[in-house]
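**Student:** Okay, here's what each chain looks like letter by letter:
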Amino acid sequence: MAAAARTSPRDVFTQAWHAAVGRRGRSLLTAAGVGLGVAATVATLAVTATASGAISDKFDATRATSLTLRWPERVSRPEPGVIMNVTRLNGVEAAGLICEAARDEHRATAVTPQHATGVPTRIGLLAAQPSAFSALRVAPVSGRFFDDGHGTRAEQVVVVDTVAAQALGVSQPGQLIYVDGAPVSVIGVYEAPVGEARMTAAVIMPYQRCLHDSREQPLFGQPMVVVRTALGAADQVAGEARLALYPADPGALEALVPPDLRTFREGVEEDTRALFLGLALVSLIIGALGVSNATLVSVLERRPEIGLRRAIGASRAAVAGQFLVESGLLGLAGGILGTVVAVDAAVAVALVKQWLVVLDPALLGGGPLLGLLVGTAAGAYPAWKASRVEPAASLRAS
Amino acid sequence: MAEPVLEAVGLSRVFAGPPEVHALRDASLSVKGGEMVAVVGASGSGKSTLLNILGLLDKPTSGVLRLGGRDVTTLTERERTRARARAIGFVFQAFHLVPHLDCVRNVMLPLVHQGVPRDVRGHRAEAALGRVGLAHRLTARPGTLSGGEQQRVAVARAIVHDPTLLLCDEPTGNLDSENTATVLELLRELATPGRAVVVITHDQQVRDAADRWVEVRDGRCGSHQSA
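Residue numbers (the working numbering), protein chains in the order written: chain P, 1 to 398; chain C, 1 to 227.
Worth flagging that the hints you see were computed from the coordinates, not collected in a lab. A quick note: this is a predicted structure, and the numbers were derived from the prediction, not measured. We put the beta carbon where it would ideally sit given N, CA and C, even for glycine. Among the clues, some could well be false.
[Said to hold, decoys possible] Between beta-carbon pairs, the in silico distance windows are: (1) C/Gly130 <-> P/Val282: 55 to 61 Å; (2) C/Gln204 <-> P/Leu29: 44 to 50 Å; (3) P/Leu289 <-> C/Gly130: 45 to 51 Å; (4) C/Gly147 <-> P/Leu351: 22 to 28 Å; (5) P/Glu301 <-> C/Phe15: 24 to 30 Å; (6) C/Asp176 <-> P/Glu301: 27 to 33 Å; (7) C/Gly147 <-> P/Leu29: 27 to 33 Å; (8) P/Glu301 <-> C/Glu77: 23 to 29 Å; (9) C/Asp71 <-> P/Arg26: 43 to 49 Å.
[Unchecked claim] Sample of chain C residues at the chain P side, in silico, Cβ under 10 Å: (10) Leu97; (11) His100; (12) Arg105.
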């Protein structure tokens, strides 16, 4: 007897397609299970990518127009007026001197009743010229910044950022706080800009405190000149400013890259993303179990159909293939559905937050592919069960 | 004289127990082309076991089975699947139509699983449906058909690949007398010189319509001519 040809792969696919489409309601519900898992995964990746993009944009815009030069060691600290040499340069929009005290060594305490006896708050301590605020794009959210007069008169005034203000319980300007035990008056509160780690959770004093820091162990490090330039002028200004500030040895001024807060934020984001991806993975597994269960139930319900197919010539492989493809198709449908939902969700979040939507094209293809893989893997056991159905028993039982 | 399409000699089937069950004992049967044979017997007599063995859905414990003159007793499972696909058509009491496929696609199924080219399948399925008087219900789903129509679709599916043996298991069990008569007439017509029809039944009407009937009692066959 000549061997008959087998069910072709195309026919296996067609039979699976008819079964999936012919039982629409059940297929849709099964696909939705995978869809949820894929949506959670894709949305997590899409939203974090969009958020990272937004943070990077802000950071890059700051970085392209920012310049910081460190005053040489063992050279006496510059008078405030030296900054005029820089502000006159073409392309410079604002410039100022700041000094940073070693971090982690300073404590501030509020004198408000609830904080008077509390644990001192660890803060960053800075001294700055008023023009440095403009150079660093910092504006007061309440009160005011000190001016040159405050510095000249050696008044004990400071400004604090919103983080420090909250920690110290400073609700309005005019309150007194203790910095390293000495009383100072808070005259303004500012919000630290994105990318400026040193100005976050910080107290800023007039620059003169740094200039006249005559202790044996100086509180503040050598001053830095912060410059805000026109877009693209930072490199040009860097060279000219060195000469303008210290003509004797321009090369002694070291150019500093702004402290990279982005690295820190990316670290936090990565942790958050890992958490969300973990949750997404759980939903994906639940979705896969759903498909597996639904396909297994379908195999039990369709035992007569399987028996009939086997009786009229379908091989075990053809039967297994049909159920495997059917499950894969449901997974693919869920993957497409989930990706569409996830992209919509990411776009909605971006719209609300006014971010630029960042979508990796690989994600658009990856979502459906993930669904297909999950669906196919979930169908493996039910497909094997289907291939084990004995035609005689299944046809008689019905 | 026509050659036997089907020849079973001394078939027995023992199901391992405990308790061990002798479902068939030394059963012999020969059916020629153009013949319609009814297999009758009480419940548990071994009719279904005989049908499964004749239809290559099960293997006998001992005995010889020849299909178209070829010994098929010792075929492997894969070879039996191919032999079924080529030479045997099945009609069941419960029709076993696939509910999500329309009539043409249901009838096409044996051709699909035999790998018959797509362009040929449609014509043959339509012709088979025409043969059973359902040329007007090609795209209907089984759920929209009457019981008689569904069984005729099942008959069309059983003959679409032109098998030499048509095995029917209680084909009229779910039909009223009018539809029973229609299906029996159809089965009689299908018993052509190149094809034999074997019908397992409880139905007197079916037994009377057959050329002869075989009674299975306690796993043994005894042949009788129809009236």
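**Student:** All hints are to be evaluated individually against the structure, with a verdict given for each.
**Tutor:** Right, here's what the structure says about each hint:
Distance hint check for C/Gly130 and P/Val282: the Cβ-Cβ separation is about 56 Å, which falls inside the suggested range of 55 to 61 Å. A C-beta distance of roughly 48 Å is found between C/Gln204 and P/Leu29, which places it inside the suggested range of 44 to 50 Å. As the Cβ distance of P/Leu289 to C/Gly130 is approximately 47 Å, the hint placing it in 45 to 51 Å holds. Between C/Gly147 and P/Leu351, the C-beta spacing of about 59 Å breaks the proposed range 22 to 28 Å.
The hint said 24 to 30 Å for the Cβ distance between P/Glu301 and C/Phe15, and at roughly 27 Å that hint holds. Taken as a hint, the range 27 to 33 Å holds for the pair C/Asp176 and P/Glu301, whose Cβ atoms sit roughly 28 Å apart. Under the hint 27 to 33 Å, the C-beta atoms of C/Gly147 and P/Leu29, about 31 Å apart, fit the expected range. Separation of P/Glu301 from C/Glu77 is about 25 Å and conforms to the stated range, judged on CB atoms against 23 to 29 Å.
The supplied range of 43 to 49 Å is met by C/Asp71 and P/Arg26, whose beta-carbon atoms lie about 45 Å from each other. Proximity of C/Leu97 to chain P holds as hinted, the smallest CB-CB distance being about 9 Å (cut-off 10 Å). A cut of 10 Å between beta carbons decides the hint on C/His100: the least distance to chain P is about 3 Å, and the hint holds. At its closest, the beta carbon of C/Arg105 sits 7 Å from a beta carbon of chain P; the interface hint therefore holds under the 10 Å criterion.
The structure fails to meet hint 4 from the earlier list, while all remaining hints are met.
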